[in-house]
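Taking the hints into account, I'd like the entire structure generated from these sequences.
Top line first, the protein sequences correspond to chains E and B.
The numbering of the first sequence is the numbering used here, which starts it at 1045 and goes up by one.
The numbering of the second sequence is the numbering used here, which starts it at 5 and goes up by one.
Derived from the structure by calculation, the hints contain no laboratory data.
From the three backbone atoms N, C-alpha and C, an ideal C-beta is built for every residue, glycine too.
Selected chain E positions facing chain B (in silico; Cβ < 10 angstroms):
1) Phe1079
2) Gln1083
3) Gly1087
4) Met1089
5) Ile1093
6) Tyr1094
7) Ile1149
8) Ile1150
9) Phe1151
Pairs of lysine-lysine, DSS-like flavour, derived with a Cα cap of 25 angstroms:
10) E:Lys1114 to E:Lys1047
11) E:Lys1153 to B:Lys61
12) E:Lys1047 to E:Lys1117
13) B:Lys61 to E:Lys1047
14) E:Lys1117 to E:Lys1153
15) E:Lys1153 to E:Lys1047
Residues of chain E clear of chain B, computed beta-carbon distances all greater than 12 angstroms:
16) Thr1051
17) Gln1113
18) Arg1116
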Amino acid sequence: AQKITQTQPGMFVQEKEAVTLDCTYDTSDPSYGLFWYKQPSSGEMIFLIYQGSYDQQNATEGRYSLNFQKARKSANLVISASQLGDSAMYFCAMRELEADRDDKIIFGKGTRLHILP
Amino acid sequence: KAGVTQTPRYLIKTRGQQVTLSCSPISGHRSVSWYQQTPGQGLQFLFEYFSETQRNKGNFPGRFSGRQFSNSRSEMNVSTLELGDSALYLCASSPRDRGGYTFGSGTRLTVV
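The following block contains the structure:
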């Protein structure tokens, strides 16, 4: 069964430092996608970055990068040079991509990131 | 292009009432999913619609239902509201390729 585990319920980081948010996953499907979403206090879920299971390189989007370690089933989000506006809840999510699979994404419990000035 | 639009943004209902929430996906997206988010349970999958058909359903009672129209717009309905139904309801649309889901801003439902 699909499962996403985020072991850090909360983190405090000094502004301008790099941040790593942990995510491990479990699936028996060889084809899957991994996502990170940011949810500020307003509630909207903001898509940050995507990594496909067959992608050869780690995904990067601006200050966001995904440290994908397939053998360890790990998909950590790295935020470089953190900013005050990065304070939010962050969710790791997974979607199985086999054509005949139920199409849904499952989420981890989230990590609440606090950036300190 | 326009994002996923959910209406209304906020809603207050009393126990026993029913409620209908609306979601307009991104143009061209045919898959629409609904999620319930509460502080205790986190994000839980409700159901997914594709081409007007419910393809997948989460573990929620029958009071929760939904539908999708030919233009891909979707509605979800909760009947006989309970206090525990108070939550943020998020809708997401997807083109059903390898890409991600785009979420709306959500409807915050409060049941009193």
